[in-house]
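Here is how the chains run, residue by residue.
2 protein chains.
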Amino acid sequence: MAAEVICVGTELLLGDILNSNARYLAIELAALGVPHFYQTVVGDNLDRIHSAIEIACARSSILIFTGGLGPTPDDLTTEAIASYFNTPLVEHPEVIANIAQKFAQIGREMTPSNRKQALQPAGAQLLPNPSGTAPGMIWQPRAGLTILTFPGVPRELYRMWRDTAVLFLKTQGYGQDSIYSRSLHFFGVSESALAEKVNYLFDSTNPTVAPYAGNGQVRLRIAAKASSEAAAQLLIEPIATEIKQIAGNNYFGSDDDTLASVVGDLLRARGQTLSVAESCTGGGLGRLLTEIPGSSDYFMGGVISYANRVKIDLLGVDPAALETEGAVSEIVARQMAAGVKAKLATDWAISITGVAGPGGGTDAKPVGLVYIGIAAPDGSVEGIKYLLGSQRDRDLIRLMSAAQSLDLLRRRLQS
Amino acid sequence: MAAEVICVGTELLLGDILNSNARYLAIELAALGVPHFYQTVVGDNLDRIHSAIEIACARSSILIFTGGLGPTPDDLTTEAIASYFNTPLVEHPEVIANIAQKFAQIGREMTPSNRKQALQPAGAQLLPNPSGTAPGMIWQPRAGLTILTFPGVPRELYRMWRDTAVLFLKTQGYGQDSIYSRSLHFFGVSESALAEKVNYLFDSTNPTVAPYAGNGQVRLRIAAKASSEAAAQLLIEPIATEIKQIAGNNYFGSDDDTLASVVGDLLRARGQTLSVAESCTGGGLGRLLTEIPGSSDYFMGGVISYANRVKIDLLGVDPAALETEGAVSEIVARQMAAGVKAKLATDWAISITGVAGPGGGTDAKPVGLVYIGIAAPDGSVEGIKYLLGSQRDRDLIRLMSAAQSLDLLRRRLQS
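Protein sequence lines, in the order shown, are assigned to chains D and B.
In my numbering, each residue's number is its place in the first sequence (first place is 1) plus 99.
In my numbering, each residue's number is its place in the second sequence (first place is 1) plus 99.
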């Protein structure tokens, strides 16, 4: 009894819009424990919608359509479904009355084209649309096959899904066993290296464990199918504990945790404060830190020292060091961190100076070379060199520099 | 000769991520004039990938896969394609060498599991991946059918698509009659207000004009179908000129222009410099400015004055003003701008102070209240109040504050 999501709309095939409906339905189906193996996108074309229905019927027993319920001639979903199953369309007068009333409310007159939205295949049950003009339907055109239709407007889809489709699926026996998941986040280890250590878990079927990677971070998602969230957590917890033991301090948080939120929690627990001095990231580290509501508890601010003059004047970097070692050097990173810590009178300070590219790289200082400084409450100041790779682009080098600096501080705070 | 996009990944079926790759490829295929009628999403499952290939082969002649090229056991795309066409996988030693080199560059060792990424079906041509470890391929398993594979990581896909796939499709005869487009960017006008002024253009078929909106900015996309870019530009140019005249100075740039790049070009042309003082944006404005390569020509840096103490100590904000008016006030915005301009000795300065939420709002100072300060070369300092809306979330309020401040400076520089 698998479900298949079929999104109808030429605008999706032209790339005019992101297919956020497919993701919404995917999350909802997973939460209800409805198996879901395929998604299809098809344009506003009768023959091709027929073909998509034929393929979907052969492999899925619940077809969930979004889009193509509008009043204009290119909206063909209902008509295509009815004609594929050789079923006549019937007009629902209560829908026409409802549409007319909605138009009257905003002082407009219903257009003749809206009458089309009152047509549904004979035998289909209407799914009311409280926030729009196009109702959907639930229809069993034959035994073992259920079709649901929804408008393409995300807000209308969400409400209709919650109000009616969820109840329907529960009466069909779904939602007894739901899927709950926990994501574990890692930094400082590659996806392949982490996967090799935990790959014996990848064959597990309940919970399942799957790795994801992006922007230098790795995530393992543990998903369990159970009759309640508590029961699912009982399945997830031992696996999570095991993975954390294997990953050691490369593990930094779960679910909505970010490096910035974890660093913030650690600082708050210690009652300590932080400032930053940023060169190549230009404010990106401060932005990550202040994405967290309440970050003013521990984050005081910083200096964006993009020009060398600012490094000298505001941070007290030694002009001779800039001259002999260059702005991207260990000594300058250390002086930036020490300088901003003193200037803002914080317990900790982070500095970042690097070659973000695409220009400005040399053999000695290639694009991707970054120095991170950490000034600690005990007065010690470290400067650490990273090679983030000259193949990476400017945005990614800047993002990874900021993430790397947060991870470094996290490790210092956790040690 | 239609193309079909097949996105492989259980994470898409679980709703963990939005399918932005499908949209990217849809836009690119439309631009090249490649017909594209179906998109399929399928999980990391050998049998189901085989089934998706079988269906796609019967209706499309170019299959474009994304995802499933990683090093872990659940990455099955290459293996599934090879086994469907009964073709052995062969190892490419140059790929192993390349992966090993990339690991060495960042001081790590390649893991045995990465060797899998060097396997391609015999006869397939490698698509190099300059920014990651997984190469893709172009392969004709039989006459009239071409398969392309790309990693699921968006930035790797984008670069490989631009560097190699576009050229390949052009040699196959695509992109003769291509769609060329120009995007015009607007700030300070709503989508509906702009649309009402130019809606008589929306019925045009070549070029077409379509509006998009997001994050407080509006975009009109003018797309023309023609045999050459020059011919398309002849169709686009008069429409663009007409729209610019209608929009006045709400128009700020085209295509890859951003508010930060436009402000940068204006400053560079005048030989003037800029600094920033950021409170609620926490570095986000500096980050936007330094996203532009070469921004060190005009952007000197700034102060992230998240705590009031930093506003006083580093920017010279009057403690009495903070006490009586509060940190989110016109006078503090003006003093922040004047302070950073003096401290960094720049021609211009921007400051931002506001209530980003979700907490911290009051009746007098609701979430979304933002003051922007602009200090000009003539010594004048303005402070301007914006209500960005308490319904908006923290991220959007911060992003729109930074964008609004850049737009304000743009208007000053253009007047």
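Keep in mind the hints are simulated off the structure, nothing from the lab.
Please note that the accuracy of each hint is not assured.
Pairs count within a copy or across copies, as identical chains cannot be separated in the list.
[Claimed, not checked] Simulated pairs of lysine to aspartate or glutamate, DMTMM-like, Cα-Cα distance not exceeding 25 Å:
no., residue 1, residue 2
1, 464, 417
2, 296, 429
3, 324, 146
4, 269, 110
5, 343, 110
6, 296, 115
7, 464, 328
8, 296, 208
9, 464, 295
10, 343, 208
11, 296, 492
12, 269, 208
13, 484, 193
14, 484, 417
15, 296, 336
16, 464, 146
17, 215, 494
18, 215, 193
19, 343, 396
20, 464, 354
21, 343, 115
22, 269, 178
Given the structure is predicted, the values throughout are model-derived calculations rather than measurements.
Hint check results:
no., hint, in the structure
1, 464 to 417, "within (20 Å within a copy, 43 Å between copies)"
2, 296 to 429, "neither (34 Å within a copy, 56 Å between copies)"
3, 324 to 146, "between (38 Å within a copy, 23 Å between copies)"
4, 269 to 110, "between (32 Å within a copy, 24 Å between copies)"
5, 343 to 110, "between (43 Å within a copy, 22 Å between copies)"
6, 296 to 115, "between (40 Å within a copy, 22 Å between copies)"
7, 464 to 328, "neither (51 Å within a copy, 40 Å between copies)"
8, 296 to 208, "between (59 Å within a copy, 14 Å between copies)"
9, 464 to 295, "neither (33 Å within a copy, 53 Å between copies)"
10, 343 to 208, "between (54 Å within a copy, 22 Å between copies)"
11, 296 to 492, "neither (30 Å within a copy, 39 Å between copies)"
12, 269 to 208, "neither (39 Å within a copy, 50 Å between copies)"
13, 484 to 193, "neither (59 Å within a copy, 29 Å between copies)"
14, 484 to 417, "within (19 Å within a copy, 40 Å between copies)"
15, 296 to 336, "within (18 Å within a copy, 58 Å between copies)"
16, 464 to 146, "neither (59 Å within a copy, 49 Å between copies)"
17, 215 to 494, "neither (40 Å within a copy, 29 Å between copies)"
18, 215 to 193, "within (13 Å within a copy, 60 Å between copies)"
19, 343 to 396, "neither (29 Å within a copy, 46 Å between copies)"
20, 464 to 354, "neither (37 Å within a copy, 33 Å between copies)"
21, 343 to 115, "between (40 Å within a copy, 22 Å between copies)"
22, 269 to 178, "neither (28 Å within a copy, 38 Å between copies)"
Taken one by one, the earlier hints fail for this structure at numbers 2, 7, 9, 11, 12, 13, 16, 17, 19, 20 and 22, listed in ascending order.
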